[in-house]
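Participant: As you go down the protein sequences, you meet chains Y and D in turn.
So that you can map any letter, position 130 of the first sequence is 130 in the working numbering, and since no number is skipped, the others follow by simple counting.
So that you can map any letter, position 484 of the second sequence is 484 in the working numbering, and since no number is skipped, the others follow by simple counting.
In short, the hints are calculated from the structure, not lab data.
Please note that the accuracy of each hint is not assured.
[What the hints assert, rightly or not] Okay, the calculated bits of chain Y under chain D, using three or more residues with CB under 8 Å as the criterion:
id, segment
1, 37-50
2, 58-64
3, 281-290
Here a beta-carbon is modelled for each residue, glycine too, at the ideal position from N, C-alpha and C.
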Amino acid sequence: MKRFILGAASALVLGASGALAQDYPTKEIQGIIQWGAGGSTDTVMRSVTPHAEEILGGTVVLQNMTGAVGAIALNHVADSAADGYTLLMGAENPLLYKVMGLGERDYSAFTPVSILARGTPILVANTEAPFDDYAGMMDYIAENPGEVRFGATGPGGLPSVITGMIESVEGGLDVISVPYDGDGPALTALQGGAIDVMPAVLGASIEGIRAGNMKPLAVFDTQANDKLPDVPAVTSFNEDYNTYLPWGPFFGVFVPEGTPEDVVEKLSNAYNEAAQNPEFTELMDSRGYSIMAISGDEAEQFLTDWQQGTTWLLQDAGLTKNSPEDFGIARPGE
Amino acid sequence: MDTLMAILTVFTQPQLLLLVGLGTFLGVYIGAIPGLSVTMAVSILISFTFSWDVYPAISLMVGIYMGGVYGGSRTAILLNIPGAPSAIATAMDGYPMAQRGEAGEAIGVTTVMSFFGGLVGVAVLALAAPFVAEFALTFQPRDYMLLAVLGILLVGSLSSGSLVKGIFAGAFGIAIGAVGRDPLTFAERFTFDLQIMEGGISFIAVMIGMFGISEALLQLHHVGTDAIRQQIDRIVPSWGTVRKYLPLSLQTSSIGVIIGALPGTGGDIAALMAYDHAKRVTKKPTRPFGTGAMEGLVAPETANNAAVGGAFVPMMTLGIPGDAVTAIIIGALFIHGLNPGPMLMVDQPDMFWFIVGALLTANMFILICGLTGIKLFTKIVEMPRSVLIPLIMLLSVVGAYAVNNSVTDVYWMLGFGVFGYFMRHYGYPLGPVILGVILSRLLDDNWRRAIISEREDLGRFFEGIFTSPLSLVLFVAVVLIFVSQTPLWRMIFRRKGGQTGESGK
Chain Y
1 MKRFILGAAS ALVLGASGAL AQDYPTKEIQ GIIQWGAGGS TDTVMRSVTP
51 HAEEILGGTV VLQNMTGAVG AIALNHVADS AADGYTLLMG AENPLLYKVM
101 GLGERDYSAF TPVSILARGT PILVANTEAP FDDYAGMMDY IAENPGEVRF
151 GATGPGGLPS VITGMIESVE GGLDVISVPY DGDGPALTAL QGGAIDVMPA
201 VLGASIEGIR AGNMKPLAVF DTQANDKLPD VPAVTSFNED YNTYLPWGPF
251 FGVFVPEGTP EDVVEKLSNA YNEAAQNPEF TELMDSRGYS IMAISGDEAE
301 QFLTDWQQGT TWLLQDAGLT KNSPEDFGIA RPGE
Chain D
1 MDTLMAILTV FTQPQLLLLV GLGTFLGVYI GAIPGLSVTM AVSILISFTF
51 SWDVYPAISL MVGIYMGGVY GGSRTAILLN IPGAPSAIAT AMDGYPMAQR
101 GEAGEAIGVT TVMSFFGGLV GVAVLALAAP FVAEFALTFQ PRDYMLLAVL
151 GILLVGSLSS GSLVKGIFAG AFGIAIGAVG RDPLTFAERF TFDLQIMEGG
201 ISFIAVMIGM FGISEALLQL HHVGTDAIRQ QIDRIVPSWG TVRKYLPLSL
251 QTSSIGVIIG ALPGTGGDIA ALMAYDHAKR VTKKPTRPFG TGAMEGLVAP
301 ETANNAAVGG AFVPMMTLGI PGDAVTAIII GALFIHGLNP GPMLMVDQPD
351 MFWFIVGALL TANMFILICG LTGIKLFTKI VEMPRSVLIP LIMLLSVVGA
401 YAVNNSVTDV YWMLGFGVFG YFMRHYGYPL GPVILGVILS RLLDDNWRRA
451 IISEREDLGR FFEGIFTSPL SLVLFVAVVL IFVSQTPLWR MIFRRKGGQT
501 GESGK
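In isolation and in its complexed conformation, chain Y is listed as follows (with noise of 0.2 Å):
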């Protein structure tokens, strides 16, 4: 109580002096984590905050807040003052929360203060599977219609994408969905053999691909990538997804929009400088992520092209809840 008062004190005080960014921060930072302990967010978010703390000179306590697919989340923090100590720390989906039907609100509501990584997707398939690349699976899939099992994570999961993403450009895909709660779920269940093709990102499925326990068909990317040099680009096999690819998943810090400049600023330059520490950057090379570490300007418009191409993408895919022309959503290179 006596912590609440103090921090309420200094919260009025910070207000009635238009907060000293000089002296940011002041205290401690609330960091709220949009996915539950131990997921891709959650693990990435907690190895990169403590060097972001060194350098701030200040503490941020990590939080996780689910539920929602990660919109109570977004809604308490753009609800919070915009003073820098709450941080939402989230992946992408927000930026389909709109077109999905699943909230008002998303990034637009706040500033981003560094997108952190990108992840690349990848298709893998159970190690049983009678097809041993992408186009052996098109073609398999084309025989067998309706037949082979692709494990999916709800409607704007990256499984989702990347399917919309074929549909678009093979013009169709028949086959069986199978909803799970997230892609370590999904994973589980390729390996057991409750699901034939899982498109996950890579850094979710590069230990078990490693291991041989399921088959990489496809790198969803224009090139292949180092960490599975072996692994074709799936622009080897149709050229058509060069106008979707590069695409992937990513990671940010935001705060609410409004959030004085300096502090933002004083915000971002932490997380970049920490986004690209020796020891961070080996643990996301490992798992296949590129580091980002960009802000400003730069992550605005990041966002911008990621939500036009990704919406649009589901939008023609017809996965979609409203038309992203509803929220003045400009289709890419309109």
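We have chain Y; now place chain D onto it with these hints.
Facilitator: The following block gives chain D in isolation, referenced to the frame of chain Y:
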């Protein structure tokens, strides 16, 4: 030889030994307070131990995990409030024992049996991890669904008194578990377009309310009466007692290991299934179940601690978490620069054996932490009710808030507390409600996965059940248990009616 050295790492380094001990000690208390969960404690530890070496960090986490699973039984026995979901079954016979003044004995048996269960879990992890992991992977969605149906049938053994009321309570629990955005399609269910309903109802809030608040309200009827004096001369159970329960505890430990090793099911379901198993196989319990039967304590406590070792099985061999806590430990290993996954055992076998050693050590500390300080703990029940009741209320509020840092959860908790009070007043058992909430998603999600996988064709679905030996065994078990609870069965076998001991309340 290297293996032995790796197992003994913990013992040879006083610092690690101390950390495991400290972790276990903290875990017992975190586990004992409803709402302070092991999952939460371990995830906070990730940031806290970020700059440490990997061994000390893991030592602390393993200690907290093991201690926490055991600690949940404390408040279950003393106050009828399970400190953790895996202690729900423990309350059913543990609390009646405390009411008879046998809290000391109950805690003693629980401690020794938790130790035993934990040992079985670690042994399986050390000796058979690859096989068990492979077996766990063969579970298909339809098998998980059958497992959930098997779980639902426990309603029969969890409802003392009226079975109809028990079934109602179970169905109510399943409905609670379905509230919120469906995680598979994100469609809203039972939300009435209210934003607070979107995230669903926190299972922990329901549990704390139903057990904690309703218990406090019920106790209000007896504010004036004196607390029961506890005898604490018999704490450590005699060798004879331990030997008597050895066969049962071996069976329930096996249940614990398997359920724990399955990704998607954990100690809570394991403990309830073990309780049910004990009820089925025990011909002559020390007292009727539900009134303080020793078997009713032994079964869930061995099972939930055995489930800890089980949960590490798929984690260490495949990089697949067996439950929420192991999921976080995987994250911790990753942050510390290891690559948790199927190659971990090949690349870094030391890590595997180190964890086995740490679990073993934590298990021993349970014995130490558990058998000391019982005197102090039993004082809790001897407190005047006018002190105890507000204390329970306070703990319940703190616990419900702490789970998600959400005030909404506190309201849910209070609401379910009042509701639970009336349910108990009218003889509706609470156990089945919690069972329903736990199993709701397991049943729902896996049924849908199973039927979607078969192109929504029931014929193909049953073909799948009858062609897979595992599914067939589970299916036959479901049918047998179901039939055995109907009059038909009794007519055929003319057995005397099952255990339907009236509980005192």
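Participant: Determine for every hint whether it applies to the structure shown.
Facilitator: Comparing the hints with the structure gives:
1. Chain D is given as covering the segment 37-50 of chain Y, and this holds because 9 residues of the stretch bring a CB closer than 8 Å to a CB of that chain, at least three being needed.
2. With 3 residues carrying a beta carbon less than 8 Å from a beta carbon of chain D, the segment 58-64 of chain Y meets the three-residue requirement, and the given coverage holds.
3. Here the segment 281-290 of chain Y counts 4 residues with a CB under 8 Å from a CB of chain D, which clears the bar of 3, and the coverage holds.
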